[in-house]
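S.K.: For the sequence shown, the numbering used here assigns the number 352 to the initial residue and increments by one for each residue that follows.
If you're looking for bench data, these hints aren't it; they were derived computationally from the structure.
One or more of the hints may lead you astray.
[What the hints assert, rightly or not] Here are the computed distance ranges between Cβ atoms for each label pair:
1) Arg456 to Ser353: 42 to 48 Å
2) Arg429 to Arg457: 15 to 21 Å
3) Thr418 to Lys483: 15 to 21 Å
4) Ala386 to Asp455: 25 to 31 Å
5) Ala371 to Asn500: 15 to 21 Å
Every residue, glycine too, gets a C-beta built ideally from N, C-alpha and C.
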Amino acid sequence: MSDAGEARRLIAVAGAERRAGRLDAALGAQRAAAALLGANSRDTAYAHALRHVVDILVEAGRPDEATGLCAEATALYRVLPGADPLDVANAIRSAAMHALATGDRRAARLLWIEARERYAALDDRFACLTGKAGNPGVAEADAQLAALNP
Numbered sequence: 352m353s354d355a356g357e358a359r360r361l362i363a364v365a366g367a368e369r370r371a372g373r374l375d376a377a378l379g380a381q382r383a384a385a386a387l388l389g390a391n392s393r394d395t396a397y398a399h400a401l402r403h404v405v406d407i408l409v410e411a412g413r414p415d416e417a418t419g420l421c422a423e424a425t426a427l428y429r430v431l432p433g434a435d436p437l438d439v440a441n442a443i444r445s446a447a448m449h450a451l452a453t454g455d456r457r458a459a460r461l462l463w464i465e466a467r468e469r470y471a472a473l474d475d476r477f478a479c480l481t482g483k484a485g486n487p488g489v490a491e492a493d494a495q496l497a498a499l500n501p
């Protein structure tokens, strides 16, 4: 199996383990996938794998371990040509959640503002994806921003 194929397999395992609440197993598989993908290039697949490592660490209550990975994934998404705008918005969302988990409310607020703007630009895409009016990315960002207001 190619490295890319093995990475896809590991990502599927990580997702199943995460859904089952086995975060340590999910983290191990996701980290292994990111390592395989990052060994060959710094592309959107690698950035996506890193973002999920960050999300799992935050979910596991270990956000401090994710700080460097979060910065790397966000920076990659911002500069990679052809990055899917929804993936970029999701990466900014992930960074906002990470900032909240580390107690950096100021950074979280700024990131949620950016995520909201990016999600708002995708209204038509969300309508196609969900078959409904409304934009769940904007709704989540609005709720998070309201919670961050003093």
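S.K.: Tell me if the beta carbons of Arg456 and Ser353 are separated by a distance inside 42 to 48 Å.
M.R.: With a Cβ separation near 43 Å, Arg456 and Ser353 satisfy 42 to 48 Å, so the hint holds.
S.K.: Starting from the range 15 to 21 Å, see whether the pair Thr418 and Lys483 falls in it by beta-carbon distance.
M.R.: 36 Å, violated
S.K.: Are Arg429 and Arg457 spaced within 15 to 21 Å by their CB atoms?
M.R.: 19 Å, holds
S.K.: A range of 15 to 21 Å was offered for this pair. Does it hold for the Cβ distance of Ala371 and Asn500?
M.R.: 36 Å, violated
S.K.: Looking only at beta-carbon atoms, does the pair Ala386, Asp455 fall within the given range of 25 to 31 Å?
M.R.: At 27 Å between Cβs, range holds.
The structure fails hints 3 and 5 (numbered hints given earlier, in ascending order).
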